[in-house]
Structure formats: structure tokens, C-alpha cells
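Protein chains: 2
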Amino acid sequence: MKDLESLSASQAAKALAKREIKAADLLLSCLDRIGQRESTVKAWVSLSKENALARAKALDKGPIKGILHGLPIGVKDLYDTYDLPTAYGSPIYANHYPSTDAVSIALMRQSGGIILGKTVTTEFASFKSGPTTNPLDQKHAPGGSSSGSAAAVADLMVPIATGSQTAGSIIRPASFCGVVGYKPSFGKISVAGVKSLAPSLDTLGCFGRSVEDVALGVAAMSGDHGLATVDDLHNKLRIAICKTPDWELASKDTVSAIALARFSAESIAKGKVEDLSLPKTFDHLRESQTRIMLSEMSRSLAFERDHYSKKMSAQINKQLTDGAMITYAQYSQDLDHAKAAQFWIAELMNNQVDLIIAPSAVGEAPLLKDGTGDPIFCRIWTLLGLPCINLNIGSGVNGLPVGIQLIAGPGKDRFLLSTARAFALALPDPVLRDQA
Amino acid sequence: MKDLESLSASQAAKALAKREIKAADLLLSCLDRIGQRESTVKAWVSLSKENALARAKALDKGPIKGILHGLPIGVKDLYDTYDLPTAYGSPIYANHYPSTDAVSIALMRQSGGIILGKTVTTEFASFKSGPTTNPLDQKHAPGGSSSGSAAAVADLMVPIATGSQTAGSIIRPASFCGVVGYKPSFGKISVAGVKSLAPSLDTLGCFGRSVEDVALGVAAMSGDHGLATVDDLHNKLRIAICKTPDWELASKDTVSAIALARFSAESIAKGKVEDLSLPKTFDHLRESQTRIMLSEMSRSLAFERDHYSKKMSAQINKQLTDGAMITYAQYSQDLDHAKAAQFWIAELMNNQVDLIIAPSAVGEAPLLKDGTGDPIFCRIWTLLGLPCINLNIGSGVNGLPVGIQLIAGPGKDRFLLSTARAFALALPDPVLRDQA
Numbered sequence: 002m003k004d005l006e007s008l009s010a011s012q013a014a015k016a017l018a019k020r021e022i023k024a025a026d027l028l029l030s031c032l033d034r035i036g037q038r039e040s041t042v043k044a045w046v047s048l049s050k051e052n053a054l055a056r057a058k059a060l061d062k063g064p065i066k067g068i069l070h071g072l073p074i075g076v077k078d079l080y081d082t083y084d085l086p087t088a089y090g091s092p093i094y095a096n097h098y099p100s101t102d103a104v105s106i107a108l109m110r111q112s113g114g115i116i117l118g119k120t121v122t123t124e125f126a127s128f129k130s131g132p133t134t135n136p137l138d139q140k141h142a143p144g145g146s147s148s149g150s151a152a153a154v155a156d157l158m159v160p161i162a163t164g165s166q167t168a169g170s171i172i173r174p175a176s177f178c179g180v181v182g183y184k185p186s187f188g189k190i191s192v193a194g195v196k197s198l199a200p201s202l203d204t205l206g207c208f209g210r211s212v213e214d215v216a217l218g219v220a221a222m223s224g225d226h227g228l229a230t231v232d233d234l235h236n237k238l239r240i241a242i243c244k245t246p247d248w249e250l251a252s253k254d255t256v257s258a259i260a261l262a263r264f265s266a267e268s269i270a271k272g273k274v275e276d277l278s279l280p281k282t283f284d285h286l287r288e289s290q291t292r293i294m295l296s297e298m299s300r301s302l303a304f305e306r307d308h309y310s311k312k313m314s315a316q317i318n319k320q321l322t323d324g325a326m327i328t329y330a331q332y333s334q335d336l337d338h339a340k341a342a343q344f345w346i347a348e349l350m351n352n353q354v355d356l357i358i359a360p361s362a363v364g365e366a367p368l369l370k371d372g373t374g375d376p377i378f379c380r381i382w383t384l385l386g387l388p389c390i391n392l393n394i395g396s397g398v399n400g401l402p403v404g405i406q407l408i409a410g411p412g413k414d415r416f417l418l419s420t421a422r423a424f425a426l427a428l429p430d431p432v433l434r435d436q437a
Numbered sequence: 002m003k004d005l006e007s008l009s010a011s012q013a014a015k016a017l018a019k020r021e022i023k024a025a026d027l028l029l030s031c032l033d034r035i036g037q038r039e040s041t042v043k044a045w046v047s048l049s050k051e052n053a054l055a056r057a058k059a060l061d062k063g064p065i066k067g068i069l070h071g072l073p074i075g076v077k078d079l080y081d082t083y084d085l086p087t088a089y090g091s092p093i094y095a096n097h098y099p100s101t102d103a104v105s106i107a108l109m110r111q112s113g114g115i116i117l118g119k120t121v122t123t124e125f126a127s128f129k130s131g132p133t134t135n136p137l138d139q140k141h142a143p144g145g146s147s148s149g150s151a152a153a154v155a156d157l158m159v160p161i162a163t164g165s166q167t168a169g170s171i172i173r174p175a176s177f178c179g180v181v182g183y184k185p186s187f188g189k190i191s192v193a194g195v196k197s198l199a200p201s202l203d204t205l206g207c208f209g210r211s212v213e214d215v216a217l218g219v220a221a222m223s224g225d226h227g228l229a230t231v232d233d234l235h236n237k238l239r240i241a242i243c244k245t246p247d248w249e250l251a252s253k254d255t256v257s258a259i260a261l262a263r264f265s266a267e268s269i270a271k272g273k274v275e276d277l278s279l280p281k282t283f284d285h286l287r288e289s290q291t292r293i294m295l296s297e298m299s300r301s302l303a304f305e306r307d308h309y310s311k312k313m314s315a316q317i318n319k320q321l322t323d324g325a326m327i328t329y330a331q332y333s334q335d336l337d338h339a340k341a342a343q344f345w346i347a348e349l350m351n352n353q354v355d356l357i358i359a360p361s362a363v364g365e366a367p368l369l370k371d372g373t374g375d376p377i378f379c380r381i382w383t384l385l386g387l388p389c390i391n392l393n394i395g396s397g398v399n400g401l402p403v404g405i406q407l408i409a410g411p412g413k414d415r416f417l418l419s420t421a422r423a424f425a426l427a428l429p430d431p432v433l434r435d436q437a
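Going line by line, the protein sequences match chains A and B. Each residue of the first sequence is one higher than the last, beginning at 2 in the numbering used here. Each residue of the second sequence is one higher than the last, beginning at 2 in the numbering used here.
Just chain A, same shape as in the assembly:
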């Protein structure tokens, strides 16, 4: 069998479960692809070739272990792995070998997943880029902080890879690389064993090439295996477009993407899709998100700052200094602001709106030299703790992907996945419908 690396995670998982393909062959196809492309894409920090192949062969001989049986997985190098070094994107941890897997990784292995290697993260999942390029145009950035995972999945190096989002680190790179990125509801996946940046915000998730792929990944990572089965949609949907208070920052490409999204939304909603205006108090929600993130970062990285500040970038040292200058009273006020907004949005999404569509990013991927891109269109949704999925909706002036995000009410992950698949199936471009 050829081109196994181009199978989506859900296609591969089905074929593996029926023993139509071998885990070892799929793994070798992925390794081939990595061999051809890694010098350009630079998505990987480490690879576990021998161990992964041994495990693949064992899985081919043994019983079906679970929903990820035989699937190769890329793991963001912010997650602890007991068998591969884990550097959190920082030279401080260059030779760090954790003794345990992150909880979500142990659960992926329990479901039969094969950890193929660790993917590039920015420094402590903040803004200092790693070497990864955008696989669609190597002059451009893949986005951050889950740079390597988004690029590896986009480039067919691996069908699925893990990410984490504190501001916009799943949705933004997914949009830039043209893959499906899924940040589930806050707290859905245990963050234990993943380097902590801002505990009130840190959310784990994954990348795939279809909605079914990311459903599979988060099902395994959370232990909510029912999530892997994406239901059909039956009920009438109430969808709203939310341009957010930062709409003026959206590029023409993002403006067009939202217009395109409206058409597909109206076809699945079977009616007109209105614009949602957020209450005035939401205007400063992204500043609250930024302050909460910086304030918590200054505590989360206190050990590193005290012991190794010279091994940290000027960028992150500045963030830590800024964070330490935010008063606890201001930080508490921001948490209260977030809580009130969470309450408001939960009420709205229980009673009036089932699904929100919003921009994923300002526009196409920026040039490599310009960094990881602005997470501005993700900040408030992360703070609100809502489940979000990025879908690719077309391409921009440079021919690079432009995404939009679908957002459901808190805890409504299962509904979000169903809606995202229905939405993808309603897209006019047949290639984009493959994201279903």
C-alpha cells in the first residue's frame, strides 16, 4: 500500500482497526515523509524511530488496544514523555528526561497510540520561535506556540499531533498551516505533566486533517472516548458571527473568510445568520486575558527566572518582568472580569446562540522574520474556556490558508464536533470538505 502518510488519522484508525493496513507500514511512510521534508519544515525536536517501530510491530501482532491503535502521534515538546527528552522549547531543559508521561500522553498510549517524536514548541509556549517553517511556504511562519505539531500534520509527516493553547497557540497555527485544530473546553484534558504557563488559561488539544481526527485525539487525551464518534446534526442551529472588538485588525483575507463562512453557516442553519454583538464589558476582555497570562507566567516560571534567567530570551524575560509588575489586586479584578464574562456567555449559549463563528487569526501566516503571529482573535475565547475548532476556509493573497473558528458553549464539545463536521461538509470547495 502506498501513500499511507496521506491518510487522515480517522481513516488510518479505521483501516488499522480492521487490520487493512499495518501500523509498522504507516509509521515507515511517516518516517519516509519526515526524511524527505524535515530539512525544510524543521518540525521535530526528536524522533523515536526504533522504539516507535518496535511498538508498531507489537501492536500489529497483538489485540486492538483502543481508539488510537497503531496511529503515529507527534507530541508538542511541552508535554513530558518518559522515553524522549523534553525541553519545553528552552535550553534550560536541554537534557531533561522526565520520569513520567504527561497524563494525556499516557492515555494516548493506553488507547494504542504510538509516540513518534516531539515537535517544536516556542520557548515555554510563549513567543520566542523555534526553527519550524510553514510547510506551504518556507518563507512564512507556522504560527506558535504549537509550531511543530501544526506544521507536521499539515505536511503529512504525522496524522495527528498534540498542542496547547494559553492565548492562541492551537487555533492560530492551525489557521496558518491549513489544518484542523481543536482546543476543547477548559479543563477537559488534564494538564498534569505539561509545563505550566498560566493555569487559569492553559488548555490542551490537538491537530489533525479532519474534524474526525481531532475528535479522536481529544477523545483519547481526555478519556472521553464517546467523543471519538462524531454525531450527525439533526436540530435546527442558531449560529451567530462574532467579529469581536478587534475586527478592525482583521486583514482583507480574514474579512473574506468570515463572509464565506456566513454562506456555509446559513446553509446548515437553514436561515439568516446574524452578527453577535458582545456587551461593552467584553471590550477589555483581551487586556484581562493578557494580564492574567503575564501575571501567572511570572509565578509559573519563578524557578527558571531565579536560577536560569540568562538562559531565557529577552522576550520572555520582559514578559516575566511585566507580569511581576501587575498587582495582585489587578490580577484578581481581571479574574472576576473573566468570571462575569464566562457567566454571560454561558447564559447566551444556553438560551440564544448554539454556535459562534469568529476569525482564527488576523490573516495569513506572517513572514518567518515577523514571529509567530498575533493571537489577538483567540485571547477572549481561551479566557472564556469555550471549545473552539479551526477550519480552513480558503486562501489569502499569498495563497496561504485562512481559517475561521467555530465556538460552542462551555462543555459542549460533542455538539461542537458535530457542527464543525456539518459546517465543513457545507463548504463550496470539495477539497475543503475533506476536513469533515
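For the record, the hints were derived by calculation from the structure and aren't laboratory data. There may be inaccurate statements among the hints.
Heads up, simulated DSSO-like pairs for lysine-lysine below, C-alpha to C-alpha not over 30 Å straight-line [as the list claims (entries may be wrong)]:
#1 A/K129 / B/K189
#2 B/K189 / A/K62
#3 B/K311 / A/K340
Here are some chain B residues the structure puts well away from chain A; computed CB gaps all over 12 Å [what the hints assert, rightly or not]:
#4 S47
#5 G63
#6 A107
#7 M109
#8 S191
#9 K244
#10 D247
#11 R263
#12 E267
#13 L277
#14 D284
#15 L336
#16 K370
#17 D375
Distance ranges between label pairs, derived from CB positions [as the list claims (entries may be wrong)]:
#18 B/V432 / A/E288: 23 to 31 Å
#19 B/Q343 / A/D232: 25 to 33 Å
#20 B/D323 / A/D337: 37 to 45 Å
#21 B/L234 / A/A260: 55 to 63 Å
It should be emphasised that the depicted structure is a prediction, and the values quoted were computed from it without experimental measurement. By construction, the Cβ of each residue, glycine as well, lies at the ideal position given by its N, Cα and C atoms.
Please arrange chain B on chain A, whose structure you already have, making use of the hints.
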């Protein structure tokens, strides 16, 4: 100066800040006390004598570093420390040397605290006891899971020590050992770097010999330094006694403790203190807490179970098996139940009741052979995420301490500390008033 080890943390901190005593002398007094008593109490897993003494001397010479300047601290061996081994109460991690401090420990060091050593925890903070005895009567248990920390503080080995609570692991041992235990609001202290048991429940906190001590500890651990100053109470208080749905399990000692607490409560409330009856839906809240804990444990310890189940006790292996049998649908329903109850109690405590008084434990410390004691009277308060403080209110039939817990609304930690101090000052026994 003599008997430095008997100073409370806040007394010592004040004397250290004024350079009236030396950190090195305080440390040596604590080490002397440990030398005399450790063979009986068995509170410590490891001690950092040389490093701690070197640091104490450096602090004596240097500027005042922060609110814990020069204070020796016991750290529950569930918290990572970069300079001491960390075993989580399990032989699996017998030779585990983390590369980083838990966030809360790094923050305590930033505030000038001296990590004196690691204290005994039960196996992964669950029910399998370590060797620690109750310092007041070595035939009896200190309670768990923060066994060593509670015993060490009670026995004057250290003025302050850290704990964690997933069911009743701070409040219960505090009650059994007759010390002040403080579990702040859920999320107040970052859990990063502390072995995860059940992420929806795990809450860090500390033990001291007065309300001011635990205020100091949690102020440093959370970064909310304002918390260290315990305010005077001015407003009229609305206090309610909550016997909880498990009142029939309370021993005579606990029944008397609640009756005694009512007197002091009425003196600070300046009026009659009513009983709070919880809504019918709260009747099964402790079962929800138990299932959430077991279900999350089965995921949190997936790695250990897959790799080292033979090094785990029969007790915890059974918990993990039980946890894995709880369906995700049941678990989700329990989380929804918790969320609804959290909403109800927040409303109540915003509008009608400022402070709840409830039992801390069934009664006095059980015999060593009978384990760590039942956390039943703590389960719902942990699930509700409310800040709780244990105060010793007298002694029971065996002459061992009996505590009650004061509970405030979510996030109202500062208020809780003020109230707890006022309450302690209103106790009839002058010795117990030292807890203020």
C-alpha cells in the same frame, strides 16, 4: 534565645524581619527538636540540613527577602523540589530527583522561606499510610494524606508546612493533630509541580499553629502577599452551622465541638447562629465527589498503573480499578452536579450567609492500625471549591484534639482568615486563643 522552635510562624517571621532572632538559630532549634522526636513521630522523608543551614546563614547576612524571610518550611513529599528527592509516597519514585521546584515552592523560596525537608505523604496522597504517628499519642494516626506536615507542625519541628487536599487531606490531619490547617479557594495556588491526583479537586494549602501562620504560608504560595495581613473584623457577620447530610456519623466529640463552636460563633456574630439546611440535591454530593476523584485518579495515574502496578498498594490499585469502571457519562453528570451546587452555594454566600461552620472530621484521630481516618466531612467542601480553615476547639474522650472548620464563599479567602482569627479570639479556653 531559647525555645525558638515553639514560636509560631508569624511570631518567628516578625522577629526575623526585625533581626531579633537569626534564621540559623531558628533552624538549629527546629533540627534539635526533630533530633529528639523524629524516631517517635516519623514525620520526615528527608531533611536538607546542610543546604538549609547555608541558606539560613546567607539570609541572616543579606537583605530581608520577603514575607517568609528565614522561616523553615516542611514540604509535603507530593511537591517537586529541585534539591531534595520527591517520591510522592510511592516506591516507584524512590530515586526521583525533579529538575524543578513546584511553582508554590519556588514562590516560598522567593519570599525567603527555607525548605528544611520533605514530609511524609500517603501513597500518591491517597489512603495508604506512611509511618507517621500522631505526636500527641503515638498509638494514634496523624490523619492523611498530609500526615507528616500536620504532625511536624503539631510537634514544633517546623513552624509551617505545606499540604494538599483532594478529599480531606488538610482539614482532617489538622483536626487530628490539633493545628490550624488552611485549604484556600480552589485554584488559588498553582498545582504545577505537585503530583496530580484529581485535577477538578486537588487544592494546595498549609499548616501552622495560628491563623496568621497559615495566612502567611498561603500568601507566599499563591503570590497574593496581601493575604498575609489578617484584617480585623468590623461588619456584622451572618454565621450558620452546617451539620451536613452526614451528621449521623459524627462522634459525640464532634457533636460537642459543634455545640462549643456555636457559642463562640454567637459571640462574634452578636446574635443567634442558625442551622443551615442544604438542599436535597446536596444529599448525594459526596458520592459525586468520590466518583469524580476515583475517575480522575484512574487517568492521572495511568502511567504508573501501566508501568508499575506491582509497586502500587492493593488499596490504590483497587481505587484505580474502581475509577476506571465509572463511565464518562456518569463522571460528566457528577461534574454537572458539582457545578450546580457550586452555583447554589455561591448565591447563598453572596446574599445570606457569610460563614459556615461544619465538622472537620468524624471525631478524634483513629488508632494507627485503622488508617488515616474518614474524609467524609470534607468531601463536599472540597468539591465546592470553598476556602476552609480547621481550628482546634477542644479535646475528645481520648484527650486528643477535635476541630471544626470555618468555610467562606468562593474566593473570599481574606474574609475567611479575618473571621477565623476573630473566632479563635472568642474561644473560652485561653490556650486555644493562641490559634488566632
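Structure-based check of each hint:
no. : hint                        : in the structure
1   : A/K129 / B/K189             : 29 Å, holds
2   : B/K189 / A/K62              : 48 Å, violated
3   : B/K311 / A/K340             : 44 Å, violated
4   : S47                         : 17 Å, holds
5   : G63                         : 14 Å, holds
6   : A107                        : 4 Å, violated
7   : M109                        : 10 Å, violated
8   : S191                        : 5 Å, violated
9   : K244                        : 30 Å, holds
10  : D247                        : 28 Å, holds
11  : R263                        : 33 Å, holds
12  : E267                        : 32 Å, holds
13  : L277                        : 24 Å, holds
14  : D284                        : 24 Å, holds
15  : L336                        : 8 Å, violated
16  : K370                        : 32 Å, holds
17  : D375                        : 27 Å, holds
18  : B/V432 / A/E288: 23 to 31 Å : 51 Å, violated
19  : B/Q343 / A/D232: 25 to 33 Å : 29 Å, holds
20  : B/D323 / A/D337: 37 to 45 Å : 38 Å, holds
21  : B/L234 / A/A260: 55 to 63 Å : 59 Å, holds
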